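Undergrad: This is what each chain is made of:
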Amino acid sequence: MPTDEPEASTGGGTTDEASGKARDLPLDEFQPYGTLAVTGAYFVLLLVLYALLYFVEFATHAPHIIE
Amino acid sequence: MHVHRFEKLWIGLSLVLIAAFIGIVLFGFTVMDLKVPGVETGETVDPATVLSEGPFAQPGVRKISDDHYEVYMLAQQFLFRPGSAQPLTLPARTKITFHMTSPDVMHGFEVPGSGLNTTVIPGQVATLTTRFPEAKTYGVLCHQYCGSAHHNMQAEIEVVPPSEFDESNLIAQ
Ligand SMILES: [Cu+2]
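Line order of the protein sequences matches chains A and B. With the first letter of the first sequence counted as 1, position 2 gets the number 18 in this note's numbering; the numbers rise by one all the way through. With the first letter of the second sequence counted as 1, position 65 gets the number 96 in this note's numbering; the numbers rise by one all the way through.
By construction, these hints were calculated from the structure, which means they are not laboratory data. Computed from a predicted structure; not experimentally measured. Here a beta-carbon is modelled for each residue, glycine too, at the ideal position from N, C-alpha and C. Watch out, some of these pointers could steer you wrong.
[Claimed, not checked] A short list of chain B residues far from chain A (calculated; beta carbon distances all over 10 Å): (1) 75; (2) 91; (3) 115; (4) 116; (5) 118; (6) 128; (7) 150; (8) 172; (9) 175; (10) 180; (11) 185; (12) 191; (13) 196.
[To be verified] One side of the interface only, derived from the structure: several residues of chain A facing chain B at Cβ under 10 Å: (14) 36; (15) 55; (16) 63; (17) 74; (18) 75; (19) 76; (20) 77; (21) 78; (22) 80.
Please work from the sequences and hints to get the whole structure.
TA: Structural data, given as structure tokens:
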């Protein structure tokens, strides 16, 4: 049965029962590469869209303001 | 305070991103020599009398030289004068200076898909100078909400080859 799932994972584990904490992890050993990848991709996207908006949509469509 | 090295990295990247945005704009205004619309400094008009006094009492096209015309245009609820009642005709590849003001509320002037875009503010004269590169019809929209018929506020600029430009409709200087 699907409802057995949560109970099975907590009940049968060897983790600390009181806090549910698996182990202590020093800050520098925590390496969220997934978050880094998503943040990096978002920054690249922002830069590309900004450049497109500025150079293609704003700056290249004649007529322009010349004075 | 201890900051995780990933956090240091994306704080640094954020600063790089901001520097890039500013750098792109500076590049545009130096290397690419882009311009923005201006306000005629010190030149204000009284919205209450602008329809009866000064150049805006006779909106239209004036000739400065063979290569330079100027347009005095009113943006008002809910039309552009000239341009809305019938298309404003201008010569292609010729220097055109627009002077625009409003006798009522704030309006916008935009030629969609181009770099021509300004706000038109009562009491101020917005100016911009351009050359229309080709002979074709350009649309004009008001992009500042100005009242109940704002969505109908539009005009047309009919750009013709300079040889076909009819100077009989010009307003005498
Ligand atoms: Cu409007």
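Undergrad: If a hint holds in the structure, say so; if it does not, say that too.
TA: Hints, verified against the model:
no. : hint : result
1   : 75   : holds (21 Å)
2   : 91   : holds (20 Å)
3   : 115  : holds (20 Å)
4   : 116  : holds (23 Å)
5   : 118  : holds (16 Å)
6   : 128  : violated (7 Å)
7   : 150  : holds (13 Å)
8   : 172  : holds (15 Å)
9   : 175  : holds (18 Å)
10  : 180  : holds (27 Å)
11  : 185  : holds (18 Å)
12  : 191  : holds (15 Å)
13  : 196  : holds (16 Å)
14  : 36   : violated (23 Å)
15  : 55   : holds (5 Å)
16  : 63   : holds (6 Å)
17  : 74   : holds (7 Å)
18  : 75   : holds (6 Å)
19  : 76   : holds (9 Å)
20  : 77   : holds (5 Å)
21  : 78   : holds (5 Å)
22  : 80   : holds (4 Å)
When the structure is compared with the earlier hints, violations turn up for hints 6, 14 and for no others.
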